[in-house]
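There are 2 protein chains.
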Amino acid sequence: MKLKLSIAYDGTPFAGWQSQAAGDAVQDVIERALQKISGGRIVLHGSGRTDAGVHALEQCAHFDGEGPLSPNDWQRALNANLPPTVRILQAEEAAADFHARFDAKGKIYRYVVRNAPVLSPHEVDRVWHVPHDLNFEWLHDAAKIFEGRHDFAAFSANRGGTVRDTHRTVREVSVSQDGTLLTLTFEGEGFLYKMVRMMAGAAVRAALGREDVESLRRRLVGPGPRWNHVAPACGLYLVKVLY
Amino acid sequence: MKLKLSIAYDGTPFAGWQSQAAGDAVQDVIERALQKISGGRIVLHGSGRTDAGVHALEQCAHFDGEGPLSPNDWQRALNANLPPTVRILQAEEAAADFHARFDAKGKIYRYVVRNAPVLSPHEVDRVWHVPHDLNFEWLHDAAKIFEGRHDFAAFSANRGGTVRDTHRTVREVSVSQDGTLLTLTFEGEGFLYKMVRMMAGAAVRAALGREDVESLRRRLVGPGPRWNHVAPACGLYLVKVLY
Numbered sequence: 056m057k058l059k060l061s062i063a064y065d066g067t068p069f070a071g072w073q074s075q076a077a078g079d080a081v082q083d084v085i086e087r088a089l090q091k092i093s094g095g096r097i098v099l100h101g102s103g104r105t106d107a108g109v110h111a112l113e114q115c116a117h118f119d120g121e122g123p124l125s126p127n128d129w130q131r132a133l134n135a136n137l138p139p140t141v142r143i144l145q146a147e148e149a150a151a152d153f154h155a156r157f158d159a160k161g162k163i164y165r166y167v168v169r170n171a172p173v174l175s176p177h178e179v180d181r182v183w184h185v186p187h188d189l190n191f192e193w194l195h196d197a198a199k200i201f202e203g204r205h206d207f208a209a210f211s212a213n214r215g216g217t218v219r220d221t222h223r224t225v226r227e228v229s230v231s232q233d234g235t236l237l238t239l240t241f242e243g244e245g246f247l248y249k250m251v252r253m254m255a256g257a258a259v260r261a262a263l264g265r266e267d268v269e270s271l272r273r274r275l276v277g278p279g280p281r282w283n284h285v286a287p288a289c290g291l292y293l294v295k296v297l298y
Numbered sequence: 056m057k058l059k060l061s062i063a064y065d066g067t068p069f070a071g072w073q074s075q076a077a078g079d080a081v082q083d084v085i086e087r088a089l090q091k092i093s094g095g096r097i098v099l100h101g102s103g104r105t106d107a108g109v110h111a112l113e114q115c116a117h118f119d120g121e122g123p124l125s126p127n128d129w130q131r132a133l134n135a136n137l138p139p140t141v142r143i144l145q146a147e148e149a150a151a152d153f154h155a156r157f158d159a160k161g162k163i164y165r166y167v168v169r170n171a172p173v174l175s176p177h178e179v180d181r182v183w184h185v186p187h188d189l190n191f192e193w194l195h196d197a198a199k200i201f202e203g204r205h206d207f208a209a210f211s212a213n214r215g216g217t218v219r220d221t222h223r224t225v226r227e228v229s230v231s232q233d234g235t236l237l238t239l240t241f242e243g244e245g246f247l248y249k250m251v252r253m254m255a256g257a258a259v260r261a262a263l264g265r266e267d268v269e270s271l272r273r274r275l276v277g278p279g280p281r282w283n284h285v286a287p288a289c290g291l292y293l294v295k296v297l298y
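Top line first, the protein sequences correspond to chains H and S. Here our numbering is used: the first residue of the first sequence is 56, the next is one more, and so on. Here our numbering is used: the first residue of the second sequence is 56, the next is one more, and so on.
If you're looking for bench data, these hints aren't it; they were derived computationally from the structure. It is possible that part of the hints are untrue.
As the list claims (entries may be wrong) - Taking CB as the label site, the calculated pair distances span:
{"hint": "1", "chain 1": "S", "residue 1": "Gly122", "chain 2": "H", "residue 2": "Ala77", "range": "45 to 55 angstroms"}
{"hint": "2", "chain 1": "H", "residue 1": "Gln145", "chain 2": "S", "residue 2": "Thr238", "range": "37 to 47 angstroms"}
{"hint": "3", "chain 1": "S", "residue 1": "Gly122", "chain 2": "H", "residue 2": "Ala171", "range": "20 to 30 angstroms"}
{"hint": "4", "chain 1": "S", "residue 1": "Tyr248", "chain 2": "H", "residue 2": "Asn213", "range": "52 to 62 angstroms"}
{"hint": "5", "chain 1": "S", "residue 1": "Lys199", "chain 2": "H", "residue 2": "Lys57", "range": "42 to 52 angstroms"}
{"hint": "6", "chain 1": "H", "residue 1": "Pro139", "chain 2": "S", "residue 2": "Arg226", "range": "30 to 40 angstroms"}
{"hint": "7", "chain 1": "S", "residue 1": "Thr238", "chain 2": "H", "residue 2": "Glu192", "range": "56 to 66 angstroms"}
{"hint": "8", "chain 1": "S", "residue 1": "Gly122", "chain 2": "H", "residue 2": "Leu275", "range": "46 to 56 angstroms"}
{"hint": "9", "chain 1": "S", "residue 1": "Gly264", "chain 2": "H", "residue 2": "Glu192", "range": "52 to 62 angstroms"}
{"hint": "10", "chain 1": "S", "residue 1": "Gln145", "chain 2": "H", "residue 2": "Asn136", "range": "57 to 67 angstroms"}
Beta carbons are placed, not taken as given, at the ideal position from N, Cα and C, and that holds for glycine.
Please take these sequences and the hints and turn them into a complete structure.
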């Protein structure tokens with residue numbers, strides 16, 4: 056039976072989603088739990104990577120599960136064998152040809168900034184703490200330039216030059232403010248390596264008055280220097296994978 | 056100059072508020088920062104203890120600060136020398152005879168329960184996870200019996216028999232529900248050792264249908280066996296000290 060998992064994790068203690076030689080990625084701890092339950096090696100296929108320190112409210116992954124366990128059995132057994140920083144929110148049977156990565160139609164990411172002089176101890180590793188005054192309108196206007204189809208070459212990190220086409224479509228960017236908590240939400244068909252953190256970093260630099268919106272826009276249209284202000288991983292959440 | 060500090064902390068990594076031989080209490084880390092800043096030994100007087108793992112949104116403490124530093128200077132210097140799990144929210148000059156413990160007129164504590172089958176990784180160590188169905192009305196009715204002046208002998212742990220009078224006044228108990236998040240708020244002139252966690256544990260046991268409200272009430276009026284269901288420390292927050 057092919058199983059689809061919805062997975063939440065606190066990215067702080069992990070070396071990202073994707074399996075590492077050191078065994079300290081989220082994928083590694085779930086694969087170890089799968090092995091413990093099934094007795095054999097099971098490969099887990101995620102919808103895509105998240106970096107070290109990045110959180111997930113609902114990452115998706117699939118695996119082929121043999122034996123008599125129902126989806127609910129798998130969920131319970133996995134949660135009993137995982138650290139509390141990784142939780143299986145749901146397990147369900149998927150179509151035989153379902154693939155968590157190739158079938159994904161899009162993703163929603165959220166970037167969270169606390170704009171206050173002092174950061175609450177309860178938000179450490181969960182938001183980006185920006186103590187200097189941000190201009191909300193500038194944050195909004197800068198974030199909005201990323202909407203649409205653009206060449207995001209300047210707003211992505213090159214991972215060994217494996218990605219040739221750097222065009223992507225960002226379907227919607229929304230920006231909201233709740234007291235001193237600022238939230239940027241990005242929905243797109245897919246994102247390049249570090250792209251969301253670079254867009255968030257650009258919007259915050261604009262909101263600080265250190266970059267103007269037009270110069271950011273120029274990087275999206277012409278060849279220009281790579282953007283080098285990457286917002287910290289701890290403020291980023293993979294909200295949902297769209298199928 | 057006498058200084059009054061408002062302090063927030065994540066209780067998870069600490070052995071409680073009060074100074075320990077191992078130096079791993081919140082008071083210890085703040086006193087080390089004070090010593091680093093001032094060059095001499097400064098004793099910090101808190102409004103009272105919190106147990107290992109208990110959090111504070113606003114604990115209060117005072118110390119005598121010599122030298123030229125203003126309250127704002129102290130705040131900045133302390134935050135620069137403290138781990139991010141402890142933050143000075145405010146430092147202000149207090150009357151020469153102010154005492155954080157003896158002048159406290161009351162305290163507000165909050166106990167937070169997540170009543171859902173699966174606990175979010177982002178709430179680990181921050182709430183008490185109760186996966187079984189709770190009855191909100193029973194929770195409310197049980198928590199409300201603690202309002203007023205009672206002998207809380209049965210709802211407190213004996214710390215070497217140092218407290219002789221176990222009567223206390225709980226001014227107000229409020230119970231609220233926000234989706235699957237249940238919050239109990241206790242305001243009182245003062246609380247005995249483990250008293251808030253015992254009241255929260257009693258209310259949750261009643262909400263699970265494992266204890267009836269009348270049998271809880273009887274423990275408040277007559278001599279009865281000590282209550283032995285102490286709610287976990289991680290769900291408890293010292294919200295405010297009242298002066």
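Each hint, compared with the structure:
The hinted window of 45 to 55 angstroms between Gly122/S and Ala77/H holds, with their beta carbons roughly 48 angstroms apart. Taking 37 to 47 angstroms as the suggested C-beta distance range, the pair Gln145/H and Thr238/S does not conform, at roughly 26 angstroms. For the pair Gly122/S and Ala171/H, the beta carbons lie near 28 angstroms from each other, so the given range of 20 to 30 angstroms is met. For Tyr248/S and Asn213/H, the hinted distance range of 52 to 62 angstroms is satisfied, since their beta carbons lie about 59 angstroms from each other.
At roughly 51 angstroms, the beta carbons of Lys199/S and Lys57/H sit within the given window of 42 to 52 angstroms. Between Pro139/H and Arg226/S the C-beta distance comes to about 35 angstroms, which sits within the given range of 30 to 40 angstroms. The given range of 56 to 66 angstroms is broken by Thr238/S and Glu192/H, whose C-beta atoms sit roughly 35 angstroms from each other. The hint said 46 to 56 angstroms for the Cβ distance between Gly122/S and Leu275/H, and at roughly 53 angstroms that hint holds.
The given range of 52 to 62 angstroms is respected by Gly264/S and Glu192/H, whose C-beta atoms sit roughly 53 angstroms from each other. Judged by the Cβ atoms, the range 57 to 67 angstroms given for Gln145/S and Asn136/H is violated: they are separated by roughly 45 angstroms.
In this structure, the earlier hints numbered 2, 7, 10 are contradicted, and the remaining ones agree with it.
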